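Novice: The lines below spell out each chain.
Number of protein chains: 2
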Amino acid sequence: MNAYPSRLLEEAVNEFSKLPGVGRKTALRLVLHLLRQSPVDAEKFGHAIIALHKGIHYCEECNNICEGRLCNICQDDRRDHGLVCIVEDIRDVMAIENTGQYRGVYHVLGGIISPMDGIGPNQLNLEKLPGRIENNNVREVIMALSTTMEGDTTVFYISKKLRNFNILITTIARGIAVGGELEYADEITLGRSIVNRTPYEQSAVK
Amino acid sequence: MNAYPSRLLEEAVNEFSKLPGVGRKTALRLVLHLLRQSPVDAEKFGHAIIALHKGIHYCEECNNICEGRLCNICQDDRRDHGLVCIVEDIRDVMAIENTGQYRGVYHVLGGIISPMDGIGPNQLNLEKLPGRIENNNVREVIMALSTTMEGDTTVFYISKKLRNFNILITTIARGIAVGGELEYADEITLGRSIVNRTPYEQSAVK
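Just so you know, the sequences run in chain order H and A.
Heads up: the first sequence begins at 18 in my numbering, then just goes up one per residue.
Heads up: the second sequence begins at 18 in my numbering, then just goes up one per residue.
Don't read these hints as lab results, they were simulated from the structure.
Hints may contain errors.
Copies of the same chain look alike in the list, so a pair counts if it works inside one copy or between any two.
The calculated lysine-lysine pairs, modelled on BS3-like cross-linking and capped at a C-alpha distance of 30 Å, are [as the list claims (entries may be wrong)]:
{"no.": "1", "residue 1": "71", "residue 2": "145"}
{"no.": "2", "residue 1": "35", "residue 2": "178"}
{"no.": "3", "residue 1": "177", "residue 2": "35"}
{"no.": "4", "residue 1": "145", "residue 2": "177"}
All values derive from a computational prediction rather than experimental measurement.
Bound conformation, chain H alone (with noise of 0.2 Å):
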């Protein structure tokens, strides 16, 4: 039992306790936060909220989040279009970004295949995939998806369709993380760092 002091406020813990990772009384603690804000400041975050489904799109041909038809990305000439790296959100698609390494473009599935959740091949972006590697003469697509069952799961249904196109499929390197010790790494993955080894030169970070 929870007296709340008033509807208004039980309705925004409610709304607040919905996100993920956010019980009632974390709600509680950020509503009364919002309070002793202005109202000004509390009005403009309601208002951001609200924008975000009024103004965000998702890009035609990649999925990634933009305010138009097309996201920055695939707008971008300068940008490798016969390379695409597939991705679980657009979290990945703002991580890889961030290293300035990658030229290529991105393909946003949405999701994982995740039975437990109830999220099979259908509910992921991919009806388009086989469409755009045609269109844009695509030669290789980059698999950057977790190591977990879900993502090991997506990788072999993927790489299954796209069987009959004559193009070349990877996955991004797993191994030890730079700055990481060899002492506390896990064994499958050293095992597979050691398998997968580079030559010396190919290796550095630059």
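Since the structure of chain H is already known, use the hints to place chain A on it.
Specialist: What follows is chain A alone, placed relative to chain H:
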């Protein structure tokens, strides 16, 4: 550097990351979660936040949250208005209300004295307290603040301020939690619980 694919996304992330305990990575996760919800749900969330400041007021008597002039507790004639419990914020009111053991009224400070955070006695809701004590013939003031340096300082300050009133000032009991094991209690708590021992009949949890 973080290249957000959309300005609206970046603004929503900025707003979320102003919340306490929410960093930019968590903020992005929350915003992407909202984007996956239906536009109707996201709008409801936004409107609940905007409604907060518009609809919520503070009780003129005790500073609790309410939607009118007085909160439900201060309006309730069946409550004992001669017994005032001083608490830091409305979460404490809710916690004490949930015990079902208290029939008096509250006085919500809206904070505690904390020089480190720049909060002095003037930032607290203390002005109206002497007036309340006189007008309502208050006979007892219960201090229900945290046992921290800040809490103790605040208790000391308030008790000095109320020195000239003919009232009883009490603090909530400190001791071993119900269900708690002696061997895991810290020495100060255990020491206090021995000094402030209660007659057996009185200590039973009803």
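Novice: Indicate, hint by hint, whether the structure satisfies it.
Specialist: Quick rundown of the hints versus the structure:
1. 71 x 145: within (24 Å within a copy, 46 Å between copies)
2. 35 x 178: Cα proximity of residue 35 and residue 178: none, with 36 Å in one copy and 44 Å across.
3. 177 x 35: neither (37 Å within a copy, 44 Å between copies)
4. 145 x 177: within (16 Å within a copy, 74 Å between copies)
Comparing the model with each earlier hint shows violations of hints 2, 3; every other hint is respected.
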